[in-house]
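Colleague: Below are the chains, spelled out letter by letter.
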Amino acid sequence: MTEQTRRNFVTRALAGASTLFLSGCYDLSQQAWFTGILAKVEGLTHVAQHMLAGPQALAPEYTKADIDPVFRANGTRDPGTPEYAAHVAGGFSDWRVTVSGLVEHPLSLSIADIRKLPARTQITRHDCVEGWSAIGEWKGPPLAVILAAATPKANARYVVFYCADPMTEEGDPDHKYYESLEISEALHPQTILAYQLNGAPLGVEHGAPVRVRAERQLGYKQPKYVERIELVESYADINGGKGGYWEDLGYNWYGGI
Amino acid sequence: MTDTLAPQPPRGFRRLRAALGLRPAGPHYAFYRHKLPVRLSHWLNALCLAVLLMSGLNIFNAHPALYWGNSSDFERPLVMLGAMANADGEVVRGITQLGQTQIDTTGLLGASKQGDQLVSRGFPAWATLPAFNWLAMARNWHFAFAWILVINALGFYLYGLFSRHFQRDLLPTPAEISHLPQEIVDHARLKFPHGEKARHYNALQKLAYCFVIFILGPLVVLTGLTMSPTMDAAYPILPWMFGGRQSARTIHFICAFSFFGFFIVHIAMVILSGTWNNIRSMITGCYVIDRSGDD
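From first to last, the protein sequence lines are chains A and B. When we follow my numbering, the leftmost residue of the first sequence carries the number 62, and every step to the right adds one. When we follow my numbering, the leftmost residue of the second sequence carries the number 274, and every step to the right adds one.
Treat the hints with care, since some could be wrong.
Label-pair distances were calculated between CB atoms; the ranges are [what the hints assert, rightly or not]:
1) Glu-294(A) x Met-514(B): 46 to 54 Å
2) Thr-142(A) x Trp-316(B): 52 to 60 Å
3) Thr-374(B) x Gln-117(A): 55 to 63 Å
4) Thr-159(A) x Pro-310(B): 53 to 61 Å
Facing chain A, a subset of chain B residues (Cβ under 10 Å, in silico) [said to hold, decoys possible]:
5) Leu-322
6) Leu-391
7) Ser-393
8) Leu-408
Calculated directly from the structure, the hints in this document are not laboratory data. Quantities reported herein were computed from a predicted structural model and do not represent experimental measurements. Idealized CB from N, CA, C, for every residue including glycine.
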C-alpha cells in the first residue's frame, strides 16, 4: 500500500464508520421500541428532578439591574387572526379566561378581574428549549389563587391551557397552541398568569393579554394568549394526546430540563 | 542470560513491531492490565461520549451561539455560527464569529451541504445526531445517554476507590511529578516508555486521566444540569457557581470539545505506542511487556 492509498483507506473507513453509526442511530430514532425507551428516560428525569426540587423550591430571582433591555419573544409573535386583532383594537376588554373541567366552581374572568387579584412580581430567567435565556420582570396573580377560587376536584391531575394562536399558516382553528402542567407545578408559588412584563402591559409578541409563567420549566411550557384553562385527569384525549402542541410533535412533556 | 545472546532483528523492524504492539520475538511476558470493570466502563463511556457529543452538536444547532452570564446578549455573543445569503435567499457562505472577528467557514461551520445544497446550519450533518436538525430527538438521545454516562461514572468511581485502582494506578506520586518536564519532552519526541516502565502509567498519562476523570467529567455533568431550570430551582448554587446559565452552557461546550481533544490525543497515543497491544489490553485485559530493551 502506498502512503496515498493508505490515507484514502483510513479516511473512507472513518467516514464509513461515522455513516454506519449515524444511520444506525437514525434508524433507531424511527423505531417505536427505541423511542419508547427514550420516553421512559424522560419519566426517570421527571421523577428524579421532582425528588430533588420538591414542590416548593423557587427558581432563582434576579435584580432590576439584570433585566435584559430587549426581552426576546419565544414562539408565536402575533396570532394574526381577525378575532385576535379585534381584541387588540378593543384593549382586550372582551377577553375572557375561563376555568373549567374538574372544578367545583367554573370561572370566567375578564382582564380587569385578573388585575384585581393579589399579584406576584418576579424577576426571572426565561430558558428557551433552543438554548438561549432572557431575564424579565413579570407580574400577575399566582395560578394557585385562581385555581383555589375554582376549587379543583380530587381527581384533577393536569391543568391544560388553550391559547389563541393558530399554529398553521392557514390559521386552522383546530390547531391552536395548547400546553399542560401537572397540578403541583401549576400550584407552585412562581407559576403566575402574567399580564405585565417590565412594568408595561404584555405586548402582542409576549402573549397579550395574559401568558403563563412557570419558572421551573422551559419556554414552550409557558403558553401565551391564554383563553381557557381546563383541569383534567388525563390529557390523552386532547388533540395529539401528548399534552401540548410541541409534545404532539415529539418534544418531551416534561420541560424542566 | 541466554536472551542477550539471541540474534536481534534490525532496530527499525523492532520499532515497527513495538509501534504496532505485536508480540515481540525477543523476551516478553503478558500480564493482566485492565480489570473487567475498567474495560466495561471504558467502552460504555466511549459509546456515551460519542452519542453525547454528536447529539449535543445537534442541540447546539437549534441556537448556534454562546454567551457569558445569566442571559443571552444577542448583540454580543462569544461565538456564533451563521450563514450569509445572496439576493435570491440562497445560502452562499458560512460564517464563524469569534467576538468581533468573522471567519469564512463555508462547508464546515455556519453553512454546509445537505444533499447538494448549501444550507444554514451550525455544525455539519455528518457531525450531528440525528444527521438533520431534529432538536426533540437529539434531546432524547442526549438525556438518555447522559443518564447512562452518570451511572457508569458513579460505578467507576466506586470501583476505583474501593479496588484502590485510583490510588494505585492513577494518582501521580511526588517523584513522578518531578520527572514531568522530561516526560513532556519524551512525549513530544514520540518516545514512549518500554519494558518494565510500560507496566505503569507515566505521570503525563496519569495527569491526563485524572484531569478527565476528576475534573472534566464532573464539570460537564454539573454544567449540563445547570441548564435545567428545575435543577437551578433545586440548587441555586449551580448557576451561581458557573456565573450564570449561559456561562454554564458555554463551559459545557468547552468541556465537550476538551473531551473531543482528549479523544484525538488518546487515539493518537494508542496508535503510536503499540496499537494492537493497547486495544487488546482494553478488550481482553492482556498487555504484553517487551523485555528486550531492559538489559
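Colleague: If you check each hint against the structure, which ones fail?
Modeller: 1, 3, 5, 6 and 7
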